[in-house]
Amino acid sequence: MKKIGTTLALFGAMLLVVACNKKADFDYHYYTPEEFATISQYLNLPDLPDDYTVNFPAHLRNAGLFPRPVERDKAVLGRVLFYDTKLSKDGTIACASCHKQEIGFGDDVAFSRGVYDRSTARNSIALASVSNFSAYYGTDLNGTQAIRFFWDNRAETAAEQSQGSLTNSREMDMHMSDVVAAVQAQAYYSPLFKKAYGDDFVSADRVKESISNFVNAIGSYQSKFDEEAGKIDIYTYPANYTNFNGFNEQQNRGLKLYQANCASCHSPIMGRPMLFNASNGLDAIVDPNDRGVGYVTGIQADEGTFKVPTLRNIALTGPYMHDGRFNTLEQVIEFYNSGIQAHPNLHENLRDNSGSPRQLNFSETDKQDLVAFLNTLTDDHVKNDARFANPFK
Amino acid sequence: MRSLLLISVCLAAFSVCLYGQHYYYSPNSIHNPVLTKKNDATLGLGMGWGADFNAFELHGTFSPVPHGALMLNGYMGGAQGVRNMQEPGASLRFLELGVGAYYPLERGFASVFAGAGQGNMYNYYGEENYSSFTLRRYFLQPSLMYQDKHFRCGVALRLSRISYPKGESSFDISEYELTAIRKIESDAPFFLPELGLTGGFVLPPCVIAINLTSVFPDTPGLNFSRFNMNLMLTFELSKFRKKQKS
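Protein chains in written order, with this note's numbering: chain A, 361 to 753; chain B, 676 to 921.
There are no misleading hints in this set.
Over 10 Å on every C-beta distance to chain B, these chain A residues come out as not near it, computed from the model:
#1 ALA418
#2 ARG478
#3 GLU516
#4 GLU520
#5 TYR548
#6 GLU569
#7 PHE752
Dumping the calculated BS3-like pairs for lysine-lysine here, alpha-carbon to alpha-carbon at most 30 Å:
#8 B:LYS841 - A:LYS383
#9 B:LYS858 - A:LYS554
#10 B:LYS858 - A:LYS383
#11 B:LYS841 - A:LYS555
#12 A:LYS555 - B:LYS858
#13 A:LYS554 - B:LYS841
In case anyone wonders, no lab produced these hints; they're calculated from the structure.
Even glycine gets a Cβ: it sits at the ideal position worked out from N, Cα and C.
Model the full assembly from the supplied sequences, consistent with the hints where possible.
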């Protein structure tokens with residue numbers, strides 16, 4: 361008995377040790393084979409959907425920033441819509457035509473080209489940081505205190521913004537009914553709508569919502585700046601956002617200059633901009649051809665003011681300003697250094713004690729330092745992330 | 676006759692079927708057999724309950740040689756409608772074989788068994804979304820049983836190695852379930868110690884007992900059902916043969 365028991369115990373122990381060593385390897389099914397075959401004729405989508413969850417690093421969360429929740433399947437659909445040129449009148453322009461991933465989802469010209477080679481009226485706003493401030497945008501979530509869309513803040517929600525571009529005669533020049541028809545005509549949308557909405561019914565609202573979900577997932581929070589900000593003790597925030605151990609001396613000098621001269625409008629932590637709109641004194645008068653936010657609100661104080669943008673990825677997203685008048689960061693810095701005009705609605709942050717436009721009096725070294733700092737705001741992950749790339753074959 | 680009537684009433688009282696939530700492993704009750712000599716055999720039929728399921732179980736043993744025995748365990752848990760995609764829930768079907776040794780003690784029995792089994796773990800989530808995994812288990816099981824004239828109780832430890840050699844899953848299921856499945860895929864095989872307690876009444880030629888089985892380490896994030904309670908009616912077949920002979 362003893363022998364049998366011992367043998368058995370050893371046998372069992374051996375079984376437990378040597379057996380079951382095969383690792384699990386499961387197959388996952390998302391699309392049916394027929395659906396995936398249809399999609400794959402036109403698109404390079406993975407057989408399993410990408411994860412579009414946005415997870416902010418701690419230093420942003422600790423600052424009270426949070427992204428809007430993104431619905432995965434709608435973001436997958438939105439990605440295809442974002443890159444689909446068939447949603448334009450001449451079949452050549454997509455959202456991505458003016459919002460290019462490789463340059464922070466901006467454009468590298470002052471005014472983008474729309475359908476029939478028409479020129480847009482303002483510089484394309486980079487979308488690479490939407491999720492960074494998405495908690496604050498949209499009147500649907502934030503009411504009157506919401507950040508709005510376009511340089512003139514005329515769109516209250518991201519969905520409204522996407523419609524604004526789809527229907528703009530200089531951009532994609534479609535009626536929303538035409539957009540719906542264009543989507544319905546493409547076989548690859550049926551499975552994507554089914555996944556996103558449970559059925560393949562196409563509506564303007566669903567198109568706009570899906571594009572919004574995709575854009576909401578685009579965020580920049582892995583730049584050199586973020587890497588260093590993440591090391592700061594939160595209990596001393598924001599005091600230590602003037603010196604990062606991982607920055608070189610030039611970058612740290614630039615950081616200090618930024619905090620002292622730029623952060624009051626553009627955010628000391630690269631969160632949402634501090635102002636909804638402002639005049640930065642580009643001109644001494646209100647341009648009658650482009651009154652900015654004032655045209656939308658009718659408020660005198662808004663005349664000639666424009667959205668204050670985030671500076672994330674700023675090194676990628678030139679030309680700069682609402683009319684793309686500056687091609688380089690050096691030109692922008694020089695403007696702020698010595699070129700601010702006495703615009704009637706010039707923001708007080710850019711006025712000196714006498715109310716006149718500020719002269720920052722940067723030295724050449726200061727300017728170079730500031731450029732060096734601004735280069736730390738580039739998040740290379742955004743421009744290389746396959747989830748946001750063009751899915752069309 | 677009175678014994679059989681009592682047994683039937685007990686079984687009927689516990690014949691309740693409930694469908695459960697989703698899980699990716701469930702312990703069957705630990706089979707703690709009582710064998711005394713060559714040609715002894717037992718057959719047990721039981722109804723089991725866990726935190727999220729109910730099950731039907733089969734236990735069988737046979738001693739072909741003195742102190743040596745073969746064991747067969749079968750388990751079928753979950754509602755039938757799950758496998759037909761009629762109702763969400765989980766369903767496990769499992770069969771295992773073991774070989775072991777037993778030794779009568781002064782007031783009870785000691786045994787040790789080792790074996791292997793395989794089955795299918797199936798979950799239906801609704802809207803034609805499902806997962807189906809092959810579940811394989813190797814085990815080593817020492818146990819002790821105490822018995823007097825009317826009462827029997829025992830304890831067993833089952834050291835199990837759980838693996839999932841293959842499986843498939845719909846991707847369009849809840850994030851919670853998908854996370855558990857992916858964790859299983861990355862972390863399997865698992866070494867799981869399970870503890871079983873049994874206690875019952877000897878009503879010759881039957882024994883009616885309650886078995887409690889628990890996976891005793893925590894299994895966070897795996898969505899394992901860790902607890903099983905089983906009411907089992909065991910027929911000691913050698914006692915039937917004795918009755919026939921007499």
